[in-house]
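Once you've looked at the hints, go ahead and assemble the two chains, each given alone in its own frame, into the complex.
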Amino acid sequence: MTKEIIYNYTLHLADNALILAQRNSEWCGHGPILEQDIAITNISLDLIGQARSLYQYAAEGCEGATEDTLAYLRDVRAYKNCLLVEQPNGDWAQTILRQFFFSTYQYFLYQRLQQSADATLAAIAEKSLKEVTYHVRWSSEWVIRLGDGTGESHNRMLNALDELWAFTGELFTPAGYEMEAVKLGIGVDVNEIKGEWEQRVNEIFAEATLPSPTTEGVWMQAGGKTGVHTEHMGFILAEMQSMQRAYPGCEW
Amino acid sequence: MQTNENILTKNIWSLLQEVTDPEVPVLTIIDLGIVRDVKINKAGAENEIEVVITPTYSGCPAMDVIRMNIRMVLLEHGFKNVQITTILSPAWTTDWMSDAGKEKLKAYGIAPPNPKQQVCNTQLFAEDEAVQCPHCNSYNTRRISEFGSTACKSLFQCNDCHEPFDYFKCY
Chain W
1 MTKEIIYNYT
11 LHLADNALIL
21 AQRNSEWCGH
31 GPILEQDIAI
41 TNISLDLIGQ
51 ARSLYQYAAE
61 GCEGATEDTL
71 AYLRDVRAYK
81 NCLLVEQPNG
91 DWAQTILRQF
101 FFSTYQYFLY
111 QRLQQSADAT
121 LAAIAEKSLK
131 EVTYHVRWSS
141 EWVIRLGDGT
151 GESHNRMLNA
161 LDELWAFTGE
171 LFTPAGYEME
181 AVKLGIGVDV
191 NEIKGEWEQR
201 VNEIFAEATL
211 PSPTTEGVWM
221 QAGGKTGVHT
231 EHMGFILAEM
241 QSMQRAYPGC
251 EW
Chain P
253 MQTNENILTK
263 NIWSLLQEVT
273 DPEVPVLTII
283 DLGIVRDVKI
293 NKAGAENEIE
303 VVITPTYSGC
313 PAMDVIRMNI
323 RMVLLEHGFK
333 NVQITTILSP
343 AWTTDWMSDA
353 GKEKLKAYGI
363 APPNPKQQVC
373 NTQLFAEDEA
383 VQCPHCNSYN
393 TRRISEFGST
403 ACKSLFQCND
413 CHEPFDYFKC
423 Y
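Chains W and P, in that order, give the protein sequences.
The working numbering applies: residue 1 is where the first sequence begins, and numbers increase by one.
The working numbering applies: residue 253 is where the second sequence begins, and numbers increase by one.
For reference, chain P alone in the conformation it holds in the complex (with noise of 0.2 Å):
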């Protein structure tokens, strides 16, 4: 049933398709998944739009960002009366990012989160799925560092093109 309440819950959805991952501009926080609801809450004669989110990593500095931009994108289109709620569980999990996140990624030059691998485990040396790289496709990649220039990515490099580059790693 279209309730005016659906239509404004499914416009909030689209305008928080404007926020971008400071850090990764071409991920919408929609793609990384960290937006969990969108909710009315009734209060008296304006309605309180409460946004939900969870954190990719405990301590990545573009969630400060990202919750000033939810508010001034909202503010921008009229809606003062905002709620920004931080969950923690369950937590976020790459498996969150959407397809068309993924693709942007890789257009961007970082390669997305293999699909199969499972979140890390303590297993040592382990040899990861095979990365692929996001210059020339090739799978035939190592990994340089475990840690990356920001928390979510660690580093590779392509052993066919010689290219290094970013890897979103699992979470």
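Chain W extracted, bound-state conformation (with noise of 0.2 Å):
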């Protein structure tokens, strides 16, 4: 029982992070700039090391199971990311604030994941915190930048808060596998981490002369957590995972 925790535990965090590198690597030769298509591809390459790190932990409580037959050979409704990661890219302003939502969320997740029972679990938190450190500032600025820039930079932030709002409620609302984790001392409550993010997200905001975002009113969607995924994400997987489904157990 505690092996299964733990396996569907480590497949959420390593699914959220492999697929937000997939997004953001569709950016590679198509960023804003040459120094900015660098970062959201380094960005991504930080993100596939800590998913490799993940799936390798998550594989050994499967039998059978490697990094590859994880990330290349499950499909859909077995991907446990939330559904924020799996959103288009957008345009530029659409795919900072995505990756300035997650960013924050990660930061203060593996602050506390690095105190979990499980010690491979914490060390890769330890390790893949200073990346994601690297993330939440680069994002952060980049919030700043677009929303207290110009006219069309400050709408397009507007649009992008439009798009991507209904998808952080997710974050922390945890699914069975969060909770029972919780219980073992091996996974961190997203409840306790919502304050510090929301915080967070609204000091940016301020700076960044956007509205401060409400969830009265708003209905937050959810699903991605227990494999039921936006229509974007069998996409996703079938750009992904196409070299392994024509190849099975190809290498280069």
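I should point out that these hints are in silico values taken from the structure, not numbers from a laboratory.
Backbone N, C-alpha and C define an ideal beta-carbon position, used for all residues, glycine too.
One or more hints might be untrue.
Stated by the list, open to error - Within a straight-line C-alpha distance of at most 30 Å, the following computed BS3-like cross-link-like pairs (lysine-lysine) qualify:
id, chain 1, residue 1, chain 2, residue 2
1, W, K130, P, K354
2, P, K356, W, K130
3, P, K356, P, K262
4, W, K130, P, K291
Said to hold, decoys possible - Stretch-level coverage of chain W by chain P, calculated; a stretch enters the list once three of its residues show a Cβ under 8 Å from a Cβ in chain P:
id, stretch
5, 37-43
6, 49-59
7, 138-145
To be verified - Some chain W residues well away from chain P (every beta-carbon gap over 12 Å; in silico):
id, residue
8, L73
9, N159
10, E192
11, K194
What follows is the structure in structure tokens.
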């Protein structure tokens, strides 16, 4: 039972990292300027690295699995990432805001996960946190730059907020395996980090001259953590997994 | 005491000096501080050599090559039974880079990580501790991008000699 909880919880963390990495990597060669193209793909690389560590650990708890089978041979319903990370890149504002929401979440999550009773998860969190700190700083600066930039960039940030806000509630709504993991002292209680996340978002938004987002009267979408995804997820996997599906076991 | 095991361990450490970072070939893995331990495990007739390493960045693609090269170098010197273990905690830090490594980096045209600056924090638009231009030694430099050509570097430009350069950022 404990083994299954660790497996599911680790997969959830890994899927979040991998799917956002895959999304960000779509910017490769298309970034608004060269330096930021490099930045967003570097963030992808960090996330892929974190996902690998997590998949390798998850694979230990599943007979016959490897990091590759977990990443490339599971179908949509088996993925446990939150809906936020699978949302389309949209324009640069939307990509930035998605990164800011997620990195800020990951930052507070990993800070606590360092104290996990599971030594491997604690070590991965300790390592990843150093990288996520750069992501938080970079994406926060961009939220301010765009929000407090021109009329055009400000409006694009407002539009991005409209597109993404409804997917933030899920971050703080624990799935069954998350609650079980908390009971075992392995996982992080996402309710505990909600306040810090909101405070940080409000601080950055104030600086960015963006309105403070409210949860009141907003229908928050959920389901990704238990495998019920938006229509985008299938397309992401179709692209990401096509090589392994066409040439099973191929390496390069 | 000079036991056979001590001599062997010392030997392995010096052999590992031959393994370099494929992306920054002037640095050995010892300079980088990614070799954390060398152990000799008794395993029947032939001892097992265990090399414990830690990755620089989680997603650093050089790590797979480094792992392979460690194996190759030890194999060339007759060590067939080699185990390479990866540990994540304590997490690697640029503090572990040797002074010799920092000198070599600078000579290669990459500004080495600053000694005083702490690891990155979430403070916005922070003024970094001045980074010295590896070409003209000026401290009058500016950051162009937080992220550079590899995960471990950011992009800078010198305001005096105008040369752009890589900075091995603090981690």
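Hint by hint, here is what the structure shows:
no., hint, verdict
1, W:K130 - P:K354, "holds (21 Å)"
2, P:K356 - W:K130, "holds (25 Å)"
3, P:K356 - P:K262, "holds (23 Å)"
4, W:K130 - P:K291, "holds (28 Å)"
5, 37-43, "holds (count 4)"
6, 49-59, "holds (count 4)"
7, 138-145, "holds (count 4)"
8, L73, "holds (21 Å)"
9, N159, "holds (23 Å)"
10, E192, "holds (19 Å)"
11, K194, "holds (18 Å)"
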